[in-house]
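Residue numbers (this note's numbering), protein chains in the order written: chain A, 442 to 595; chain B, 2 to 150.
Careful: at least some of the hints might be erroneous.
What the hints assert, rightly or not - Footprint (simulated), chain B over chain A, 3 or more residues, beta carbon under 8 Å:
1) 447 to 454
2) 458 to 471
3) 555 to 565
Claimed, not checked - Every beta carbon over 12 Å from chain B, so not counted as near; a handful from chain A, in silico:
4) Val476
5) Arg493
6) Gly494
7) Arg520
8) Phe523
9) Leu544
10) Pro569
11) Arg572
12) Leu574
13) His580
14) Phe586
15) Glu587
Said to hold, decoys possible - Just the calculated beta-carbon pair ranges, DEER-fashion:
16) B:His138 to A:Leu577: 57 to 67 Å
17) A:His584 to B:Asp118: 25 to 35 Å
18) B:Gly131 to A:Gly475: 42 to 52 Å
19) B:Gly127 to A:Leu574: 53 to 63 Å
20) B:Gly131 to A:Asp478: 55 to 65 Å
21) B:Ala96 to A:His584: 33 to 43 Å
22) B:Asp118 to A:Arg572: 40 to 50 Å
23) B:Ser135 to A:Leu544: 15 to 25 Å
24) B:Leu42 to A:Arg526: 27 to 37 Å
25) A:Leu577 to B:Gly131: 54 to 64 Å
26) A:Arg486 to B:Ala96: 55 to 65 Å
It is worth saying that the hints were derived from the structure and are not from the lab.
Heads up, the beta-carbon is just placed ideally off N, CA and C, and yes, glycines get one too.
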Amino acid sequence: MSTTFDRWPSVELDPVRRMRILVAALPHAAYREGVLDAPFDDVWRIASDLERGTPLWEKNVAALHVVGRDGEQLEVEIRSPFGLRLRADAVLRHGWCIMQGRLFAVGMAAAPEGERTRFAHFEALRVPGARVLRPLLRHRIHHEFETLERLARG
Amino acid sequence: MAMSGLLDAQAPYVGRICGAIALDAGEDAAQETLLTVFRRLRSLRDPDALHAWVRTIAVREGVRAARAASQPPPARDVPVAPLGVDVALAGDIRAVLERLSPEHRAILVLRDVHGLDEAGAAGLLGVARGTVKSRLHRARALFRRKWAT
Chain A
442 MSTTFDRWPS
452 VELDPVRRMR
462 ILVAALPHAA
472 YREGVLDAPF
482 DDVWRIASDL
492 ERGTPLWEKN
502 VAALHVVGRD
512 GEQLEVEIRS
522 PFGLRLRADA
532 VLRHGWCIMQ
542 GRLFAVGMAA
552 APEGERTRFA
562 HFEALRVPGA
572 RVLRPLLRHR
582 IHHEFETLER
592 LARG
Chain B
2 MAMSGLLDAQ
12 APYVGRICGA
22 IALDAGEDAA
32 QETLLTVFRR
42 LRSLRDPDAL
52 HAWVRTIAVR
62 EGVRAARAAS
72 QPPPARDVPV
82 APLGVDVALA
92 GDIRAVLERL
102 SPEHRAILVL
112 RDVHGLDEAG
122 AAGLLGVARG
132 TVKSRLHRAR
142 ALFRRKWAT
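Assemble the whole structure, with the sequences as input and the hints as a guide.
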């Protein structure tokens with residue numbers, strides 16, 4: 442055969458599909474996926490604005506500051522509603538963001554679905570007993586989706 | 002972050018294998034492959050075996066997804082064409098692959114694209130070496146014929 446592999450059919454997974462895969466390796470993660478009734482650009486404009494947008498819809502974040510940036514690799518400092526300050530490494534790219542600190546990991550992904558947006562979000566605690574807290578996290582994520590949708594719709 | 006990096010590294014590789022074998026079902030096949038890989042990652046004893054392990058799952062999942070999608074069987078009434086395929090466009094290759102069975106696409110991917118030997122391909126596909134040999138012969142012949150038409 443004189444064909445080359447780079448000319449053969451190939452597929453690329455959208456960010457939400459990739460998020461499902463990542464979560465498969467995080468057994469204690471609380472994960473939710475749904476369709477938000479707002480266009481992708483409006484959703485991602487808020488979701489990707491970590492400093493101004495995240496505190497508006499992520500209940501665990503009172504403030505977030507990007508303290509380092511190298512391309513899509515970020516270092517962020519998060520202040521919780523209880524005043525706890527946490528550092529985390531993050532990756533932010535179109536439709537995709539994950540953050541990981543010593544005690545937690547969170548991620549979000551978005552992909553257009555017609556005029557609406559498929560959105561995925563996980564939260565995982567890296568502490569003993571994390572499994573017990575998963576239902577609580579899932580419940581909270583549900584409300585975060587509602588908030589994000591409302592913000593995206595203006 | 003390590004998991005995310007692993008996903009970034011493996012997703013394109015899996016996408017190429019599943020895309021070539023499963024075609025329209027390629028995205029589902031790639032997702033199922035990577036879900037399996039990430040769920041079973043802890044069971045992998047030898048990190049050096051990761052690539053081959055992923056390839057094995059991707060090929061099997063690609064064939065399974067293609068079968069499930071019920072893609073039409075290859076036509077068998079096309080005249081034999083000269084050898085020496087000159088590839089110009091990916092779309093042309095896809096059109097040819099669409100006319101092969103998932104099993105023939107899988108053997109072409111393994112032997113001609115990835116360069117696996119007969120024994121390696123036989124082990125991965127769970128068939129005898131003789132089957133690999135005859136299947137490859139048939140797949141190459143079909144590819145060339147379809148390409149020429």
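- Task: List, from low to high, the hint numbers that the structure doesn't satisfy.
- Result: Numbers 3, 17, 19, 21, 23, 26 - these are the hints that the structure violates, sorted from lowest upward.
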